[in-house]
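**Q** If you want the building blocks of each chain, they are given just below.
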Amino acid sequence: MAEIQIKNVEKWFGSYQALKSIDLTISDQEFMVLLGASGCGKTTLLRIIAGLETASQGEVWINDRRIDHLAPKDRGIAMVFQNYAVFPHLTVFENIGFGLRMQRRPNHEVKARVERNAELMHIEQLLGRYSGELSGGQRQRVAVARALAMEPDVILMDEPLSNLDALLRLEMRAELKGVLAESKTTAIYVTHDQVEAMSLADRISVMHQGRIIQAADPLSVYRNPAERFVGSFIGNPPMNFLPATAEGAGKWRVAGQSYAGPKTEHTALDFAIRPEDLHPSATGLTAGVKVVEPLGAHVLVTCAIDGQMFRAVLDSDTEVTPGETITLQPNADRIRWFDPQSQVLVR
Amino acid sequence: MNARYLPYVLITPVALFLCVFFLYPFFLVARQAFGDGGSGFSLDNFRDIFGYWKFNTTLTNTLLLAAAVVPVQLAMALLMATMVSRMGKGRDLVLYIWTIPLGISDLAAGIIWLAIFEQSGFLNSMMVGIGALDRPANLLTYQNAGLVFLAIALAEIWRATAIMLVILVAGIGLIPKEYYEAADVFGASKWKQFWRITLPLLRPSLQTALILRVIMAFEVFAVVAALGGTLFPVLMGETYAYQFDLLNSGAAAAMALVILGISIAATLIILHALRVPKGATI
Amino acid sequence: MSQVDQVSPNARKAGRYLYIATVVFLCAWVLVPLYFLFVNALSSAEAVNSFPKSALPEFDLGSLSFFAKFYGILDALKNSLIVATMTMVMSIAIGAPAGYALSRFEFRGKATFRLLILMTRAFPLPLLALPLAIMFIRTGLDDTALGLAFVHTTLAIPFAVLITFSLFSGIPLELEEAAWTLGCTRLTAFTKVVLPLILPGITASAIFAFVISWNEVFAAAVLTIENRTLTAFLLQNLDTAAIHLKFAGGFILVLPALIFIFAVRKYLFAMWGIANR
Chain S
0 MAEIQIKNVE KWFGSYQALK SIDLTISDQE FMVLLGASGC GKTTLLRIIA
50 GLETASQGEV WINDRRIDHL APKDRGIAMV FQNYAVFPHL TVFENIGFGL
100 RMQRRPNHEV KARVERNAEL MHIEQLLGRY SGELSGGQRQ RVAVARALAM
150 EPDVILMDEP LSNLDALLRL EMRAELKGVL AESKTTAIYV THDQVEAMSL
200 ADRISVMHQG RIIQAADPLS VYRNPAERFV GSFIGNPPMN FLPATAEGAG
250 KWRVAGQSYA GPKTEHTALD FAIRPEDLHP SATGLTAGVK VVEPLGAHVL
300 VTCAIDGQMF RAVLDSDTEV TPGETITLQP NADRIRWFDP QSQVLVR
Chain G
0 MNARYLPYVL ITPVALFLCV FFLYPFFLVA RQAFGDGGSG FSLDNFRDIF
50 GYWKFNTTLT NTLLLAAAVV PVQLAMALLM ATMVSRMGKG RDLVLYIWTI
100 PLGISDLAAG IIWLAIFEQS GFLNSMMVGI GALDRPANLL TYQNAGLVFL
150 AIALAEIWRA TAIMLVILVA GIGLIPKEYY EAADVFGASK WKQFWRITLP
200 LLRPSLQTAL ILRVIMAFEV FAVVAALGGT LFPVLMGETY AYQFDLLNSG
250 AAAAMALVIL GISIAATLII LHALRVPKGA TI
Chain R
0 MSQVDQVSPN ARKAGRYLYI ATVVFLCAWV LVPLYFLFVN ALSSAEAVNS
50 FPKSALPEFD LGSLSFFAKF YGILDALKNS LIVATMTMVM SIAIGAPAGY
100 ALSRFEFRGK ATFRLLILMT RAFPLPLLAL PLAIMFIRTG LDDTALGLAF
150 VHTTLAIPFA VLITFSLFSG IPLELEEAAW TLGCTRLTAF TKVVLPLILP
200 GITASAIFAF VISWNEVFAA AVLTIENRTL TAFLLQNLDT AAIHLKFAGG
250 FILVLPALIF IFAVRKYLFA MWGIANR
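Protein chains in written order, with numbering that gives the first Met the number 0: chain S, 0 to 346; chain G, 0 to 281; chain R, 0 to 276.
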């Protein structure tokens, strides 16, 4: 059982606040992804959990133990680093078994666990090699095997796939997901790649400027972004936004059209719709087509609605040409509304 | 161990050591130089050394030697460093040969060049051998002041160019190849590339190399002792003489401060002349 | 190829020959004087004093054996060895932790500390032998190997700190952090991960400190009287000693340096490369 609780953690680097009041609970065996752009604080948070940084204030608990004052080695965690950190002077076998040797485990146990985890990561034939002889992908597998061999309560991963080429990243993502699910370990994974996040996570914590904006399962984050930032960060292409003015109770005017929306006191809201939730129709938003990109599986159309840039993902058979004017109708149940000042989702 | 205190714990031995064996003796030298043997302040020691008839020659000799040797070494080191940066095969061997003098004591260097210049030395042998002389000339004598200077200068150039070479080679190594490639594409000749890319980007290394070499030049001691003896007095040699032959430690301390003074002055001049504009680094 | 730099093949060939000739000349410039020392050292006493000099050594061990038998010189050799070894050990033991601190930590006073190290490089250190001589007399360290070793260590420390700083900077912190997550304390992570990786570099730094001490003249001459090191011995006998003794002594001074510089040549450049930033 490894449940993690982060209570009111803050981190300052001099006068710069990297983390602002982080509260998060991660359930046992959950795969939690910390997602955000560079500088949002996700790696800092991971390192605080690992013990490589100390929080300026707040507490970190694993199960019933408060661990934020413990050394990394006493926290029951294992970590996979962005640049793998495979020890160059040791063989792959010695690398994977390093932590086990530190725990003074008997030789036969070390051998068994190293071989088991090497097989898991498909590197059992590399056990005698040194890291200098390995490719990036192979080194990454060694790093993961080394962490898994510890059989930790929590496994922490700091952008482990970001240094791999695109095809390898795809393969490794699938492998990692399988391996980690089988190992039944709680996992915290840091990435800036939202596709990785969507693919791997049980829950995603979207971070921005030191705060967790939303922590929810991938589909909720995708369909119901808690803040405008989440909508614009997740999804490729990201959400479209248009200003909306109140027309009456629950009615809103958007680019000359009327749509049903929240019944609130606001006079203005931000109207948001995802590119794939638009379809060509007789009525709807008037769009001046600027760029047409046929991507094979679908067509990406960049157009202007009311002077704002708008993207739509349309069926691959749709015939559109640049310079044309088309009408796009959003799927009513996928329209979202955000407060223009606070950026928060309004229902 | 608390990570906040660890760095201080680690640097304490060095800091302590340098305080005891560097800062404190430095303070003692200053106090002795400016003292009157008791607890008072006096400039007598300085008056003594400046008034000594040999002082002007000593100072001139030291400065002259530095002025003659350092520019030559700088040019040579630059030449050697640029040549080495182009080398393919044999770079390792050539670099090793050229850096051998780094490990040679200045005393050994003096002795080596003595073997060449002394009366029954190799230079004489060669000159007699090719018929330029009938019999061996006593080269390192009072009459041949110029030759003594030359011998010392040659020995110093031989000995200490390697130090500048190492610094410059490392500095050139820091310059990314892309700059030269870009220059090639824009049609710059090799010579232009040297002037406009290599030299400016070498400024920090040139600073270090010049400062180190100039300070060492002011400290020149054993080479002069071996080749010139009393024929060519230099500041360091005179300091040694004050301390041990004349038993005048006050004067020796004053001399030490004079050497320090010109070293600092030279350092400041070089730092200013070769200063790198903020942000204009690699 | 643009029209800007068309060099004729003949000019290029001539340039190439000039280049090779210059390289060869500069190598000879370094090696020939050493060769002369070599010739003198490996000749009999008579050959050394004779004229004209032959260009080939006799391979007579006369000079060297005279050197070995000369009163006090073997002791001087032994003293040089002792002092250099002490310097080597002390400069690394004191300097390496500082190099580590500089490469891994940001701390208040870091800039001042770096300035202090830089100042010791810039200051004519042998001059410190003068006041230290008095200090040593008062503390009983005068004319001892340890006393001189302290002075030499002061000379060697800036290099030790600088070289170890560049060595440690070359080891990613990630490796230590990984070790910490795998059950190591700071100390075990250092000994099991960092140390094996920098051992060649630390050895080079140690050897460099040894050479600095071995070659140093002024402080050795000032601080040792009875227990003279080889450099002090040769200096004090410059005027009076027989010439073949000086050459044999020079040869003994030079030989270890030749070997050592070969051993550490890689690290010389690494040290200045990082230090110049």
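Among the hints, erroneous ones may be present.
As the list claims (entries may be wrong) - Cβ-to-Cβ under 10 Å is the rule here; a few derived chain S residues that face chain R:
{"no.": "1", "residue": "Met78"}
{"no.": "2", "residue": "Asn82"}
{"no.": "3", "residue": "Pro105"}
{"no.": "4", "residue": "Ala165"}
{"no.": "5", "residue": "Leu166"}
In short, the hints are calculated from the structure, not lab data.
Quick caveat: nothing in here was measured; it's all calculated off a predicted structure.
Just so it is clear, CB atoms sit at the ideal spot from N, CA and C, and this is done for glycine as well.
**Q** Hints numbered earlier in the text: which of these fail when held up against the supplied structure?
**A** 3, 4, 5
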